[in-house]
Structure formats: structure tokens, C-alpha cells
Amino acid sequence: MEEKNSKYILGFEKPLVELENKIQELKNLSEKEGIDLKEDIQRLKDRLRRLEENTFKNLTPWQRVQLARHPARPKTLTIVELIFDEWIELHGDRLCSDDQAIVAGLGKINEHRLVWIGHQKGESIKENLSRNFGMAHPEGYRKAKRIMSLAEKFHLPVVSFIDTPGAYPGIEAEERGQAEAIASNLEKMSQLKSPILVIIIGEGGSGGALGIGVGDRVLMLENAIYSVISPEGCAAILWKDQSKVEEAAAALKLTAQDLLKLNIIDGIIPEPRGGAHRDVEQTASNIKRAILREIETLKAIPLEELLIRRKIKYRTMGKPRGEVDE
Amino acid sequence: MGWFQKTYNRIKKGKKKIDVPDGLWTKCTNCSEIIYNKTLDENFRVCPKCGYHFYIGAWKRIEITLDEGSFIQYNSSLPSVNPLNFPGYEEKLKKGKGKTGLDEAILIGEGKIEGKQVAIAVTDFGFMGGSMGLVMGERIVFIADKAAEKNIPLIIISGSGGGARMHEGVVSLMQMAKVASAIGEFKSKGGLYISVLTNPTMGGAMASFASIGDIIIAEPGALLGFAGPRVIKQTIKQQMPKGFQRSESLIKHGMIDMVVERAKIRPTLNKLLDFLVF
Ligand SMILES: [Zn+2]
Chain A
1 MEEKNSKYIL GFEKPLVELE NKIQELKNLS EKEGIDLKED IQRLKDRLRR LEENTFKNLT
61 PWQRVQLARH PARPKTLTIV ELIFDEWIEL HGDRLCSDDQ AIVAGLGKIN EHRLVWIGHQ
121 KGESIKENLS RNFGMAHPEG YRKAKRIMSL AEKFHLPVVS FIDTPGAYPG IEAEERGQAE
181 AIASNLEKMS QLKSPILVII IGEGGSGGAL GIGVGDRVLM LENAIYSVIS PEGCAAILWK
241 DQSKVEEAAA ALKLTAQDLL KLNIIDGIIP EPRGGAHRDV EQTASNIKRA ILREIETLKA
301 IPLEELLIRR KIKYRTMGKP RGEVDE
Chain B
1 MGWFQKTYNR IKKGKKKIDV PDGLWTKCTN CSEIIYNKTL DENFRVCPKC GYHFYIGAWK
61 RIEITLDEGS FIQYNSSLPS VNPLNFPGYE EKLKKGKGKT GLDEAILIGE GKIEGKQVAI
121 AVTDFGFMGG SMGLVMGERI VFIADKAAEK NIPLIIISGS GGGARMHEGV VSLMQMAKVA
181 SAIGEFKSKG GLYISVLTNP TMGGAMASFA SIGDIIIAEP GALLGFAGPR VIKQTIKQQM
241 PKGFQRSESL IKHGMIDMVV ERAKIRPTLN KLLDFLVF
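Chains as they are written, first to last, in this note's numbering: chain A, 1 to 326; chain B, 1 to 278.
Just chain A, with the same shape it has in the complex (with noise of 0.2 angstroms):
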């Protein structure tokens, strides 16, 4: 794991992962050569502190889309291993195949028994072909919502992990009925008989995000992204030149701050400095603490009032503020 985070180097982390080597190496000279360098230590300590601090203080969205796609970022089963006390994974979507790129499964945290799903990017070339990049079939989607269903029938709330790219843009999935399987998944889910908790961990690539995104809460994690088009995308649909995906990011307005601040989200959890895969036991225990505040409100609603709840999310949603008659 340790080595291959550090082969994925952001631009803009450069300067820190150069300083925290050389910081690295004095501390090793120091031990062996018997030299007292404390203080020179301690003044590299202090500048990285401040450079982090800069750094990570106001990343533009470009930043942020970076890091949401960083190859090291914690993924849905490193997060599941991490914050689940037990847990098990089920396969299949029972009409056509096992989509790796869409995992679920069943779990406990502390006394809560839930219903886990979510988005599985690789941790490696070769598992990311296996994973599709995390972009899923309809097969994923209609595995989703069959273990869905199952969480209804036994009145267990459902967690569900996003990110993707997208739904994968494929001749099968076409012929599958991608739009079919992302469609009936909103329904599935706008209609629910469980609770809902939806964190978007990465990336939110758009209807495949969507496609199992409809939930009672939405959370971000602090440099998580949501969009309707990628900035490459819409860089090239707008200026037919895909060297602005700066400007496009942040015309998108994709970021958990901006998306917040629109309502289209309920909380954003903090990530550690320097972004979720500088710390991921950290990042874990965030989303754990999260999931377990959220569950705790949610299941204490009863189902009723939670479905017009819901509902009344949805309705409301994209409405200027001044119109929202909740």
C-alpha cells in the first residue's frame, strides 16, 4: 500500500512529499551518524506544516477533482473493512452476471445491522480492469437494487458508497439497458421502505453516481466531487478546448463546499490534511462516526414520516431557497 501511494504524486503535493523526504533523511543521517539535527528538523517540520497549511487551505475545485481521483484514495471495501465490526459481501444481480464495479453486502457497526453498497474502483491496473475503473454495468445497478430490496424486506437501513466516473459507456451496457437500470434504481429508491444514508467518498460521475445516490442524507467527504459531466467534458463541449477543465470544474460548481451551499447536500465529512489517502484509518473513522450519527437519527423517524421526508427532499430540490415550502 505505502509504496504505491507514494508513486501517485499530485503536482501540487510535490513540494510536500519533497520536503517530508528530506525531513526523512535527516532524521536518517542524524541516526546514523550520531549528529544532533533536532533543530534543523524541527525547522523542516515547520515549514511543511505551513506549506500543507497553504496548500490544502483554498484548493481550487481542479484541485479538488484531483484528489477525488487520486489512484491512493480510501475505496468502498477499504472503508467497509475499516469501519465495519463484521461484515460480508453478496454477489450477483440474478438475471446475468456478477458487475465487479458495484459491490454490496451486509454488515454491523456496533449494535446497527446494515446494508452496504457501493461504487469498487481497483487498487491496481489489474484489479481496475477487473473493476472497470468503477464503472458499472447495468448488471451493478440492478445488483444494487435487488440487495436493496432486501434491506426493505428485513427493515434494515441502507449505506451506500459512491464513486465513479460514470456508468460505463459500452456497446453490452447499451444493449442491457443502462438507462433502464439507472432509471428504475431512482425509483427504487425515491420509494424505499429503509432508511438511506448515500456518502460520496470520490468520485460522483453523474447518472451512474445517481444510480444508487437517492437517499434520505447526502454526505461529501470534504474533497469528494459531484457533477453532471466531467470537466473534460464539459471543457470541450463549451470551448472546444480541453485544456480549460480548470474553468470547467469550477463553472460546475462541483465541489462539496459549492454543492452545500446549493442544498443539494446535508453535510460534507472532513478529510485528514492533505486529502483522504494521506490518512486513511483517519478518513474511516470520520465516515464511521458520520454513519453512525446519521443512522441513529434516521431510525428513530418513523418510516412514514421518513418517506415524506424524502419526498419532500426531491421536490424541493435544485429550488431557490426563497421557494422551498418545507
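Keep in mind that the hints were calculated from the coordinates and are not lab data.
We put the CB at the ideal spot given by N, CA and C, even for glycine.
Just so you know, not all the hints are guaranteed correct.
To be verified - Chain A stretches covered by chain B per the calculated footprint, using a threshold of three residues with CB under 8 angstroms from any CB of chain B:
{"hint": "1", "segment": "106-120"}
{"hint": "2", "segment": "201-210"}
{"hint": "3", "segment": "249-263"}
{"hint": "4", "segment": "295-306"}
{"hint": "5", "segment": "312-319"}
As the list claims (entries may be wrong) - In silico PhoX-like cross-links for lysine-lysine, where the CA-CA straight-line distance does not exceed 25 angstroms:
{"hint": "6", "chain 1": "B", "residue 1": "LYS92", "chain 2": "A", "residue 2": "LYS319"}
{"hint": "7", "chain 1": "B", "residue 1": "LYS187", "chain 2": "A", "residue 2": "LYS153"}
{"hint": "8", "chain 1": "B", "residue 1": "LYS252", "chain 2": "B", "residue 2": "LYS271"}
{"hint": "9", "chain 1": "B", "residue 1": "LYS189", "chain 2": "A", "residue 2": "LYS193"}
{"hint": "10", "chain 1": "B", "residue 1": "LYS233", "chain 2": "A", "residue 2": "LYS244"}
{"hint": "11", "chain 1": "A", "residue 1": "LYS126", "chain 2": "B", "residue 2": "LYS233"}
{"hint": "12", "chain 1": "A", "residue 1": "LYS45", "chain 2": "A", "residue 2": "LYS27"}
Said to hold, decoys possible - Between beta-carbon pairs, the in silico distance windows are:
{"hint": "13", "chain 1": "A", "residue 1": "ILE301", "chain 2": "B", "residue 2": "ASN85", "range": "33 to 43 angstroms"}
{"hint": "14", "chain 1": "A", "residue 1": "LEU95", "chain 2": "B", "residue 2": "LYS242", "range": "22 to 32 angstroms"}
{"hint": "15", "chain 1": "B", "residue 1": "ASN85", "chain 2": "A", "residue 2": "GLN242", "range": "17 to 27 angstroms"}
{"hint": "16", "chain 1": "B", "residue 1": "THR235", "chain 2": "A", "residue 2": "LEU95", "range": "21 to 31 angstroms"}
{"hint": "17", "chain 1": "A", "residue 1": "SER149", "chain 2": "B", "residue 2": "PHE278", "range": "49 to 59 angstroms"}
{"hint": "18", "chain 1": "B", "residue 1": "GLY69", "chain 2": "A", "residue 2": "PHE154", "range": "46 to 56 angstroms"}
{"hint": "19", "chain 1": "A", "residue 1": "GLN242", "chain 2": "B", "residue 2": "ILE34", "range": "39 to 49 angstroms"}
{"hint": "20", "chain 1": "A", "residue 1": "ILE308", "chain 2": "B", "residue 2": "GLU114", "range": "35 to 45 angstroms"}
{"hint": "21", "chain 1": "A", "residue 1": "LEU95", "chain 2": "B", "residue 2": "GLY98", "range": "21 to 31 angstroms"}
{"hint": "22", "chain 1": "B", "residue 1": "GLY98", "chain 2": "A", "residue 2": "ASN21", "range": "51 to 61 angstroms"}
{"hint": "23", "chain 1": "A", "residue 1": "GLY92", "chain 2": "B", "residue 2": "GLY69", "range": "48 to 58 angstroms"}
{"hint": "24", "chain 1": "A", "residue 1": "ILE237", "chain 2": "B", "residue 2": "CYS50", "range": "52 to 62 angstroms"}
For chain A, the structure is supplied; the task is to place chain B with the ligand on it using the hints.
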């Protein structure tokens, strides 16, 4: 998403590339037949030679679907907003208005088919590709609620190649959930929802309201799907099979109930209403 622009330009060009007196004749986009406009109109704007279905606007669609004079429009003064202050969006809206005479890419209302009362929505490809933003979301919810309240069937005729409207960002994406929720509620109360798909219906429209009909009908040759052909081609780097994402392919793969030529849509709807509701 951008492919629809290309398709639209092609349609426009097809109409304009006439070397005969303007407004009298139209050259068929598909078979190049020169057709007398009056003949084309009488034939529901379907080429008499090859059966190619030309684009028709939302008002024309209302005219050929409902009993004459039965249409009452609803919710016609909902202003478009620019929730993200997206660059250039207002101009796009203005262009769409000029092109179609509509205030948005959707018309909703109530009317009759052979005397049977229905709630109806029509989306118009001519207005920003028929893409769905906040106004379309609101209107679909309005008409689904109206259908539920009056206990009448709901018909949505889609010509939404633009899918979710990029210029409204995630707000447009959320309209997919919004309309699926409203239609889902209507259906769960026992309402009949018939979805009619016309060329083209793609992306966020196809992945929400257009695909959840109790019955789904498509016009012949309509381009229907989730991802645009250009995006797929870029991704898989190979040629698409012949007829891919067309109505005839969707029915073969079990995705729709029937392919019905334009002239027979009204009688087909009438029959379905007769079998299921009235
Ligand atoms: Zn023709």
C-alpha cells in the same frame, strides 16, 4: 453530451439543403427524396418514400396526439433560472426560445384522446436538445401530481437528446431523482404511465422518466440510450453495430414494448387506455 448538437445541426442542414423554392419542398434526410411540404405535413412529417421520421416540435405533437381543442396547458409561466450562474446559459435559453417558440424544453397539460382524459407532457429536442433542467423537473412533477390527483393516466412524449442539462450542473442531475420520485409515487398509487420515445432520447432523460413507463412505445428509427454514440466510440475505439441504440434494436433486446410509426401513435395510445383504464 455534445453529440446532440451535431445531430441537430445535421437535421437543420438537411432541412436547409434545398435547391428548390424555400418553404415549399423538403429533402429527406435519409433517402434524399424531394418531398412537397404539404404532403410531408399531411403524412405527420414522415417521408412517404422511406418512412424517415422528421423532427416535429412539441405543439405539433400535441396537435397530432390529442382531440382537437382539448388541450389545456399548465404551469406555463415558470421562469428559467441559472442556478450556477453558468457562463453563456442565458443566451442558450434565448436561442432555444427563438427556435421553438417555447419558454422551455417541455410543455405540460391535460387533454383528451378519443374523449379519454389524460395528463400529458411533451419534451422538445429543438429547445437545447430537449435537455432537462429545473423547469422540466418541476413541470414533470406538476403533471404527475395532477394525474394522481385527478386519477387519470399520464403520457410523456420524449424528444430529449440532451439528457440532463449541463448548464445547471448537479441541479439538473437532481431533477432525474425528482421526476423518478414523483412518477414512482404516481405509479405506486395505481396510476398508468405511458412513455413515448422519439428521436432522440438520451442520457438523463432516458435514465429517468423516459425509461420507467408501465408501457414504453418508440417511434421507428429513434436514437435511444444512455451514453451518446460519440462517447461510446471514444471509449471502446471500435465501430458501433448497425442499428445500435435505435428503436428496432431496443425492442429486440427487450427494452421497450413496441415500435409504432407516428401516424399510429394516437390510435395505439387510445387502445392502451381502453385496455388498461377506461
Ligand atoms: Zn426518405
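Comparing the hints with the structure gives:
Counting residues of the segment 106-120 of chain A whose beta carbon lies closer than 8 angstroms to any beta carbon of chain B gives 0, which falls below the threshold of three, so the coverage claim is violated. Residue count for the segment 201-210 of chain A with a Cβ under 8 angstroms from a Cβ of chain B: 3. That meets the three needed, and the coverage hint holds. Against chain B, the segment 249-263 of chain A contributes 6 residues with a C-beta closer than 8 angstroms to a partner C-beta. That satisfies the three-residue criterion, and the hint holds. Restraint check on the segment 295-306 of chain A versus chain B: 0 residues with Cβ-Cβ distances below 8 angstroms, three needed, restraint violated.
For the segment 312-319 of chain A, the stated coverage by chain B holds: 5 residues have a C-beta nearer than 8 angstroms to a C-beta of that chain, and at least 3 were required. Between LYS92/B and LYS319/A the alpha-carbon distance is near 20 angstroms, which keeps this suggested pair within the 25 angstroms criterion. Restraint check for LYS187/B and LYS153/A: the C-alpha separation of about 20 angstroms stays at or below 25 angstroms, so the hint holds. Of the supplied pair hints, the one linking LYS252/B and LYS271/B holds, its CA atoms being roughly 23 angstroms apart against a limit of 25 angstroms.
Distance check on the hinted pair: LYS189/B and LYS193/A sit about 15 angstroms apart at the alpha-carbon level, within 25 angstroms; holds. With a CA separation close to 23 angstroms, the supplied pair LYS233/B and LYS244/A stays within the 25 angstroms bound. Taken as a hint, the LYS126/A and LYS233/B pair is honoured in the structure, with Cα atoms around 23 angstroms apart against an allowance of 25 angstroms. Taking the CA atoms of LYS45/A and LYS27/A, the gap is near 11 angstroms; set against the 25 angstroms cutoff, the hint holds.
Evaluation of the 33 to 43 angstroms hint for ILE301/A and ASN85/B yields a pass: the beta carbon distance comes to about 35 angstroms. Taken as a hint, the range 22 to 32 angstroms holds for the pair LEU95/A and LYS242/B, whose Cβ atoms sit roughly 26 angstroms apart. Restraint check, ASN85/B to GLN242/A: a C-beta distance of roughly 23 angstroms satisfies the suggested window 17 to 27 angstroms. Under the hint 21 to 31 angstroms, the C-beta atoms of THR235/B and LEU95/A, about 24 angstroms apart, fit the expected range.
For the pair SER149/A and PHE278/B, the supplied restraint of 49 to 59 angstroms is violated, since their beta-carbon distance comes to about 33 angstroms. At about 54 angstroms, the beta-carbon gap between GLY69/B and PHE154/A stays in the expected band of 46 to 56 angstroms. In this structure the hint that GLN242/A and ILE34/B lie 39 to 49 angstroms apart at CB holds, the actual value being about 41 angstroms. About 37 angstroms separates the C-beta atoms of ILE308/A and GLU114/B, a value consistent with the hinted range of 35 to 45 angstroms.
Distance hint check: the CB atoms of LEU95/A and GLY98/B are about 46 angstroms apart, inconsistent with the given range 21 to 31 angstroms. About 60 angstroms separates the C-beta atoms of GLY98/B and ASN21/A, a value consistent with the hinted range of 51 to 61 angstroms. The hinted window of 48 to 58 angstroms between GLY92/A and GLY69/B holds, with their beta carbons roughly 54 angstroms apart. Between ILE237/A and CYS50/B, the C-beta spacing of about 32 angstroms breaks the proposed range 52 to 62 angstroms.
Hint compliance for this structure: hints 1, 4, 17, 21, 24 are broken, all remaining hints hold.
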